[in-house]
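Visitor: Those protein sequences? They're chains V and E, same order as listed. In terms of numbering that gives the first Met the number 0, the first sequence opens at residue 0 and continues consecutively. In terms of numbering that gives the first Met the number 0, the second sequence opens at residue 0 and continues consecutively.
Take these hints with a grain of salt, some might be off.
Beyond 12 Å from chain V on every Cβ pair, some chain E residues (computed) [said to hold, decoys possible]: (1) 8; (2) 39; (3) 67; (4) 136; (5) 142; (6) 168; (7) 190; (8) 197; (9) 202; (10) 211; (11) 245.
According to the in silico footprint, chain E covers these stretches of chain V (three or more CB under 8 Å from chain E) [to be verified]: (12) 75–85; (13) 120–134.
Residues of chain E clear of chain V, computed beta-carbon distances all greater than 10 Å [stated by the list, open to error]: (14) 25; (15) 43; (16) 69; (17) 139; (18) 146; (19) 155; (20) 182; (21) 221; (22) 224.
I should point out that these hints are in silico values taken from the structure, not numbers from a laboratory. For every residue, glycine included, the Cβ atom is placed at its ideal position computed from N, Cα and C.
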Amino acid sequence: MVRPAAHGFDGRRVPARPARRRAPVRDGTKGRLPTAPDVVARLWDVLAHVPDPEIPVVSIVDLGIVRDVSPARVVLTPTYTGCPATAAIEAMVRLALDQADFADVEIETTLAPAWTTDWISEAGRAKLKAYGIAPPVPAGSRVVECPRCGSRDTEEVSRFGSTPCKAQWRCRACAEPFDHFKCH
Amino acid sequence: MTEALAMDRTRFDYLLRLGDDALILGQRLSEWCGHAPTVEVDLSLANMGLDLIGQATHFLNAAGEAEGKGRDGDALAFRRDVLDFRNCLLVEQPNGDFARTMARQLLFSTWQRLLFDALTASTDATIAAVAAKAVKEVSYHAELAAEWVIRLGDGTEESRRRMEAGLDWVWRFIPELFEMDEIATEAATTGIGADVTLFRPEFDARIAAALAEATLEAPKDQRPIVGGRRGHHSEHLGHILAPMQFLQRTYPDAKW
């Protein structure tokens, strides 16, 4: 069952459920209690399997919106101030943590320092491109490669695309329209 | 009143101003949804509205905490009466045609961009964080508005006429953006707010540059209209609040 959406805003913690007995750890730590680094590594692994709700080919870890992980807390940051996926992402993280027997780990949302597209991992960029979304380009550059044919002969059609984080572009070489994840 | 209470009062009022500007313009822009000239423009206006409502959520939640009476951002947005809103008059002006909407956006986003630049240095952690987060989004809004002002101003006879009329309508609301009343002065002195008069020259220069590229002349200065920061609003604000607040007022705490 999905917990109610986590209405966390800056610095406000989403309360965790009362702790349940944790299932036995089956990650090579058999015979000893899991240490903090073990728990953190498992948490990262759980988070790496939570997809972005609007661009499901990338995980929230690929996007760089997982700010910090400790055995007690996962810290998230929104991409855009008004990103409507923020509440959905928190709910999905809560569910994933609960299902992995991390019901007692809290979720916290923070605004500072502000997320930038520089935090999207190399793997994330490659996944975006394979999915047909041109990844963000370095600040100042206006050269966007067509994710389909690789041509650099492209133009912006609209500053906003299907989501606030994307712009609509078109390739002059292969004539295909495509989304471009804006540099931010 | 103790000094600490006075400080909370200033912080509350200042956060309301920031939040209400964003909330009301966000709501205005959402009125375009499904009505814009092209689908790309429709997406742009809706997305800008979304950015603004995101800002409003942060500012109004913080305002509720500063007030300390148990109201959150939703309570402040949906259960306050028109006289308690602290937005500037510019943002509540009707959309008019697309040209007027873009003229209004150019003035507001250019101003908000410079304001947020200054507020990244706010001594209030929430204000500084929201400003730093939103400043890039707002600069995008300002650029988009400038492009349309230029395109319509330097366009056809009809588009030029409409942009001139749009600018003429919104021009009288500029002075209020740079008003430094008691609360604004107090906020700037204590470091949570910004002295808006400091960036007036930069604002004027940016607007002048956009108008020059649009081959338009600045409208003549008109008698300024002020009062929004004290709750003296135009008749338009009530008409925005009615549909916006209807559901939460009729079914308090409704969730779906």
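Visitor: Out of the numbered hints, which ones does the structure contradict?
Guide: 2, 4, 5, 13, 14, 15, 17, 18
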